[in-house]
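Starting from the known structure of chain A, fit chain B onto it as the hints suggest.
In case you want the letters, here they are:
Protein chains: 2
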Amino acid sequence: MSHVTISPDKARKLIRENKLTRNTSGISSGHVQANLVVVKKELAFDFFLFAQRNPKACPILEVTEVGSYIPTLVAPSADIRTDISKYQVFKNGELTDEPENLINYWEDDMVAFLLGCSYSFENALVENGIPMRHIAKGFGAPAYITNIPCEKAGIFSGPVIVTMRPVLAKDVTKVVSITSQFPLAHGAPISVGSPESIGIKDLNKPDVGQLIELKANEVPVFWACGITPQYVAMNVKPELMITHYPGHMFITDLKDRDIKTII
Amino acid sequence: MSHVTISPDKARKLIRENKLTRNTSGISSGHVQANLVVVKKELAFDFFLFAQRNPKACPILEVTEVGSYIPTLVAPSADIRTDISKYQVFKNGELTDEPENLINYWEDDMVAFLLGCSYSFENALVENGIPMRHIAKGFGAPAYITNIPCEKAGIFSGPVIVTMRPVLAKDVTKVVSITSQFPLAHGAPISVGSPESIGIKDLNKPDVGQLIELKANEVPVFWACGITPQYVAMNVKPELMITHYPGHMFITDLKDRDIKTII
Numbered sequence: 004m005s006h007v008t009i010s011p012d013k014a015r016k017l018i019r020e021n022k023l024t025r026n027t028s029g030i031s032s033g034h035v036q037a038n039l040v041v042v043k044k045e046l047a048f049d050f051f052l053f054a055q056r057n058p059k060a061c062p063i064l065e066v067t068e069v070g071s072y073i074p075t076l077v078a079p080s081a082d083i084r085t086d087i088s089k090y091q092v093f094k095n096g097e098l099t100d101e102p103e104n105l106i107n108y109w110e111d112d113m114v115a116f117l118l119g120c121s122y123s124f125e126n127a128l129v130e131n132g133i134p135m136r137h138i139a140k141g142f143g144a145p146a147y148i149t150n151i152p153c154e155k156a157g158i159f160s161g162p163v164i165v166t167m168r169p170v171l172a173k174d175v176t177k178v179v180s181i182t183s184q185f186p187l188a189h190g191a192p193i194s195v196g197s198p199e200s201i202g203i204k205d206l207n208k209p210d211v212g213q214l215i216e217l218k219a220n221e222v223p224v225f226w227a228c229g230i231t232p233q234y235v236a237m238n239v240k241p242e243l244m245i246t247h248y249p250g251h252m253f254i255t256d257l258k259d260r261d262i263k264t265i266i
Numbered sequence: 004m005s006h007v008t009i010s011p012d013k014a015r016k017l018i019r020e021n022k023l024t025r026n027t028s029g030i031s032s033g034h035v036q037a038n039l040v041v042v043k044k045e046l047a048f049d050f051f052l053f054a055q056r057n058p059k060a061c062p063i064l065e066v067t068e069v070g071s072y073i074p075t076l077v078a079p080s081a082d083i084r085t086d087i088s089k090y091q092v093f094k095n096g097e098l099t100d101e102p103e104n105l106i107n108y109w110e111d112d113m114v115a116f117l118l119g120c121s122y123s124f125e126n127a128l129v130e131n132g133i134p135m136r137h138i139a140k141g142f143g144a145p146a147y148i149t150n151i152p153c154e155k156a157g158i159f160s161g162p163v164i165v166t167m168r169p170v171l172a173k174d175v176t177k178v179v180s181i182t183s184q185f186p187l188a189h190g191a192p193i194s195v196g197s198p199e200s201i202g203i204k205d206l207n208k209p210d211v212g213q214l215i216e217l218k219a220n221e222v223p224v225f226w227a228c229g230i231t232p233q234y235v236a237m238n239v240k241p242e243l244m245i246t247h248y249p250g251h252m253f254i255t256d257l258k259d260r261d262i263k264t265i266i
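Those protein sequence lines, which keep their order, are chains A and B. For the first sequence, the working numbering begins at 4 and goes up steadily by one. For the second sequence, the working numbering begins at 4 and goes up steadily by one.
In case anyone wonders, no lab produced these hints; they're calculated from the structure. Predicted, not measured: the structure shown is a model, and the values here were computed from it. Keep in mind that a hint or two might mislead.
Identical copies look the same in the list; a pair holds intra-copy or inter-copy alike.
To be verified - The list that follows gives simulated cross-link-like pairs (lysine-lysine, DSSO-like), each with its CA atoms no further than 27 Å apart: (1) LYS263 / LYS59; (2) LYS155 / LYS258; (3) LYS208 / LYS240; (4) LYS44 / LYS155; (5) LYS13 / LYS140; (6) LYS140 / LYS218; (7) LYS44 / LYS240; (8) LYS140 / LYS43; (9) LYS177 / LYS59; (10) LYS177 / LYS218; (11) LYS140 / LYS258; (12) LYS94 / LYS240; (13) LYS59 / LYS258; (14) LYS204 / LYS140; (15) LYS43 / LYS155; (16) LYS59 / LYS155; (17) LYS89 / LYS22; (18) LYS89 / LYS140; (19) LYS173 / LYS59; (20) LYS208 / LYS16; (21) LYS208 / LYS218; (22) LYS44 / LYS94; (23) LYS177 / LYS263.
Bound-form chain A, shown alone (with noise of 0.2 Å):
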C-alpha cells in the first residue's frame, strides 16, 4: 500500500515500530502534520506564551497536559514518544542526540507542544495550480534566519526563520489568498518579494535546506518557519528541549479541511 493513501494511524504504527524513517512528506496525504516541541514543566508555561505569541512561526495545534505523551484532541491514539521516526535533542542549546525514539528521555514532568507545519497550504497551493517545485524535487523548502525578532515570552527569544517559494507575479494574491485560509498551517505569507527587507543578504545562500532558484517572473514568497523553535533553542540555551528530526513531523488525525478557515 501506497505511504501517501495510509491512514494517520497506520502509518505511525509503521513509524513506530521503525518500518518507515523517511521524512513525511506527501504520508498519508491530506492529514495535518505537526512540527514537536518538548519541554519540562517549569519552562512549559514560557514556551506556551511564546508560542501564543508567535502565532505564525508556531501555531498550536495541541498543547498536552503535563506528563502525558499522548495528544488527546489530534491523535488520541497516538504516542508522541514513539510516533515520529526521528527527534532531536537540546541540552543547554547544544544538540546532543538524534534519538528514534524517546523512551529513554520521556519524564513525567514534560509537555510536548503540537505546532502546525506547511505541507498543510502546500497542498492546497498544488490543489489549487500552483507548483510547489521543492516537493517535485523531494525535498523542503529552503530556510532563512531573518532580522524579524519573534515576540519574547519568559526566557525565549529569537529571530523568526522563514521558508521562501517562488512563485509567479501573476499568482501572489492567490497564494496569499489560498495560505490565509490556513492560520494553523503557518498562514499567509509575512513578506512578500524583497528578501532585503527582511534581512535576507543572498537569496541564493539558505540558511537551512537547498536552494530553489527563481525563474523568469517569479516572485520570492516568505512564509514562517517551524523550526524557529530549534534556532530558539540555539539561541537561549534551555537546560532541555526536544524536537522532532526537520521534515520528520508528526502526523495527526485532522484532515487539513479541519484547519481551515471559514467565514
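For chain B alone, kept in the frame of chain A given last:
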C-alpha cells in the same frame, strides 16, 4: 468629554482614579475590551491550556509574563491591578470579595489572562444595521448555562456559558458572517435557533442578566461567553481565581479592526 470617544489610556486613568465606575459598554468605542482571569503560577499552565482548548469561550488576547500586571502587547501603559473598576475574587469556588482594585491581592507569582469580549462583534453588527436591543436598554446580553462541556484541561472543566441575541431570521446568515470575522471576540455563534439542543430549558429564564424577549420572526442566536471562567471557578474550586466583575471589562489599546480576520 464623552466617555464614548475618550482614548483607552484616558478611560483607564479615570477608572484607576475611581472616577469612572460604571460598566464599560460603549466606553472608548471601537476599541477592544477584555475579560480578565488571574491565577497563580501553579495553575497558570492549566488555565492557559483550558483557554487554548476553548477558544470560543476564552479567546486569548494576551497572557502576561509570570508576576507581571502589565499587558505589554495590548495596553503597555496599563496596570491590570487598577484599571478595571470592579473585580471578583473567588476562593475555593466561593465569591469572597468584589474589590475596586487588586493592590492588596496581587502577588509576584500571578499571571493575568485577557480574553476577548463580545463588544467587538456587537459594534460590527450595529454598524451593519443589526439592532442589539440589550445595548439600547443599557444592559448585557442574557446568559445561559448550556449542556455543552468545555474541553477539560488540568483541573479546569465546566459547561460553556452562552449569551443569546435575538436576530431576525432574514439576518441570521449576515450575523454569522460578520461575527465569524472576530474569532478573538468569541467569533461565530455556537448554536442557532434551538435552545433545547444546547440544554436551555426555558429561554425566558436566563441564568445571568435580564431577559430579552423574542419578537415575531426572530431566532435566538447563541455565542460562547466570557463569563465561562467564572462558572469554571465555581465548578472546580481553585484555591484562588480573580476575574473582572461582569460588564466591567478591561479596555485595551487595540481597535476592533485590529482583531478582524482578513482573508
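For this session: Please name the hints from earlier in the document that this structure breaks, with their numbers sorted from lowest to highest.
Result: Hints 8, 20 contradicted; others consistent.
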